[in-house]
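Heads up: the sequence lines are chains A and B, in that order.
Going by our numbering, the first sequence opens with residue -1, and the numbers climb by one from there.
Going by our numbering, the second sequence opens with residue 1019, and the numbers climb by one from there.
It should be emphasised that the hints constitute simulated quantities derived from the structure, not laboratory data.
Don't be surprised by glycine CBs; every beta carbon is placed ideally from N, CA and C.
Hints may be right or wrong, so weigh each one.
Claimed, not checked - Listed next, the stretches of chain B that the computed footprint assigns to chain A, with coverage defined by at least 3 CB atoms under 8 Å from CB atoms of chain A:
(1) 1195 to 1207
(2) 1212 to 1219
(3) 1226 to 1240
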Amino acid sequence: MVDHQTDNSFVLEARGVIKIFGQSRALDGVNFGLRRGEVHALLGENGAGKSTLIKILTGAYQPDGGEVLLDGEPVHFADPLHAQSHGIGTVYQEVNLLPNRSVAENLFLGRQPTRFGFVRKSLIEKNARELLSRYGLDIDVQAELGTYSVAVQQIVAIARAVELSGKVLVLDEPTASLDKLEVEKLFEVVTQLKERGMAIVFITHFLDQVFAISDRVTILRNGRLIGTEPLSGLTRTDVVRMMLGKDITFAPAVTGIEERAAGPALVEFTECGKAGKIHPFSLKIRRGEVVGVAGLLGSGRTEMARIMFGADQCDAGEIRIGDKPVALKSPVQAIAHGFGFCPEDRKVEGILGDLSVRENIVIALQGKLGWFKALNRDEQMEIAGKFAEDLDIRAASLDMPVKLLSGGNQQKVILARWLATDPNFLILDEPTRGIDVGAHAEIVRTINRLREEGLALLVISSELDEIVAYSSRIVVMRDREMVAELTGDNINPSVIVQAIAAQHETVSAEGASV
Amino acid sequence: MKLKKLSPLVNPQSIALVVVLLVNWALFPGFFNVTWQDGRLFGSLIDVLNRGVPVAILAIGMSAVIATKGVDLSVGAVMAISGAVAATLVTDGYPASVAVIAALAIGVLCGVWNGVLVAFLEIQPIIATLVLMVAGRGIAQLITAGSIVTFADPLLISIGTGSFAGLPMPVVIAIVLLFISVFVVRSSAVGLFIESVGVNRAAASLAGIRSGLLLVAVYGFSGFCAAISGLIVAGDIKGADANNAGLWLELDAILAVVIGGTSLLGGRFSIAMSVLGAIIIQAMNTGILVSGFPPEFNLVVKAGVIILIFTMQSPLATRLIEMRKTQRAVARKAS
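Make a model of the complete structure from these sequences and hints.
Dropping the structure here:
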């Protein structure tokens, strides 16, 4: 350990790297040095140049200026495979392995030990078990990789990358789709690798995680290096300020919401449940309030949201809007009542990737108008333009495919899609997940603005600091059940954590008694 | 400025059509000759259009289906069913109008069947429509009791061989159908909904699109188009041949759509370009016939031209063209 820390020579270094795309400089003379045995966080808003820098360091791009050094010697990586042969491995957010092959095959793909030309399956499996046990993972290596959680797949991907490369490991948003316990598991692995002397680059949007695990941080903004600092001397505010070049402040906890939201319920769910998905829950939502939903992934949060939007139907219970009982058999019906829903997985359920920003914004409104009352192009442009401006959607053109936008801007497009329908109840499932700090602040601002305009909102989020800042009430989900409804002074992160964590205590208590 | 105005017409498909026509002309100097006789136009060009109609009409329906990330393999068989229904009804003494309406209704019904399998049972389109591709020909043979049913009804025959305003009736029907469908798709929201469902059905449904209903309608429309093609082919030979009517035409229709630039992965589509694709295919067929080459060459030459078109549309070619543009822009700046 001590050796590594005193060893100041860089394993991998970028000096004055420049990368030009068309007219713009994606990287403008950036320096970056990576030491042995450190976790080095790389931060910046979307478009700051993080991915470009990583792609240059791993050989996916060639720099237009400056140089890359490996162990102090200039190198020129022709492609990622070349970089890998020099000890540099990368693990991406979306695991790039084969979900339909076994864990063992995935670990040894492309370098299977053979005898007489036949793959030695049992040897592979034995090696795979040994390898994974070093990462504290005891799983059936014969099972298909796809049957395991994303966290396990990530660890398998890391194990493979470390085996293949062994010097430098680049983790590109590895935690974006993991829940809290899975993140801890991943961090154990990362810490272990760090102690073995690996140099690790860690890219994430979660500041908490940066502080939890990183030794140093490099911050980029608009393709320029803002600075590289040891994290021990920095506060969260420092980091955010460096990233944004300005102070952002989350709105302080709003007071007086409860009085404003004391009116009758806009929508009321009574004992709504769906077997195997979610236990019956009851919830009233009023105009002018934000109901926050906290809970781990898989706690039933998304299932609740889908039932509220008619995407799934509850098999028991009653839904009332105003005084009238209603059936929500499809999103079409929910939308007719003025509901809107931003799903958790933007790419899979949210955006229409190949269609333009304009079409993505007007689609729900057009759906509401029906097949034959078509908005013409000018009307579409006007609507899309208005909401793009309101929400500060940064797109070169409203006619560009939405898939080319950054995650934060895509999220704003989906929010705009619903605001265009003039909704009275919005369901937002993880609206700020995996997006840059600027877009994050914009969405939080929008949530507050909509509440003040008298909308009812239900916001699901894993970010406790954020959810306590804008919620008038918080319901806590655990194990497919609504377990708590917090109001007033109880709206604070530690109470929420207690409510969520109660489960794990019970489980271990039961485990002990068995 | 002038070039820019023309640019929508300058695309791989139009270039390919012009090249094919010019090659035809070189091989057969009389290719562009069009004459007026007995109140209608005659000539190789008119032949290309007339013979291209069955596939062109199938391609109109197929464009919409493929845009939803689907495919309809049953259209050839539906053509056979439609012809069989119409022929059997007129030979049984029903008026031609009833026969035509019944044939079209059966075509829509076949399409709706496909649509229900795809939209609600969520069977992959290629498998769902394969069912009717195989069974459809059997159904057609059952309707005609295994023989070729010939008829002499003038109205039914005129659908395949008549003329209107100097143009062959099938061409007139195709043009009318093309205009109506382009108008409906682009002036209503249907086009946008089709593309949304094709790009991402889950997201489109959550945005409030009735994707199931839309899919049924789209497959129903494809069945409708197939029924029209079936009537034209039956009218042309004055009979319904359950074994051979529309045989393999589903593949030409898919090819026409793909040549027209619609991706098999769904999304953006253009009905007009698909029809252009159908005309390119027919221009090749006719060219080889009139130029006196043995017809065996037909399929090989066709494959060659298709490879050429796809190469021109490929991402690699697009990149190369972009690169040339950038280089030229840089050079211009430098000078």
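Quick rundown of the hints versus the structure:
1. 1195 to 1207: holds (count 3)
2. 1212 to 1219: holds (count 4)
3. 1226 to 1240: Three-residue rule met by the region 1226 to 1240 of chain B, so holds; n is 3.
Every hint from the earlier list agrees with this structure, and none is contradicted.
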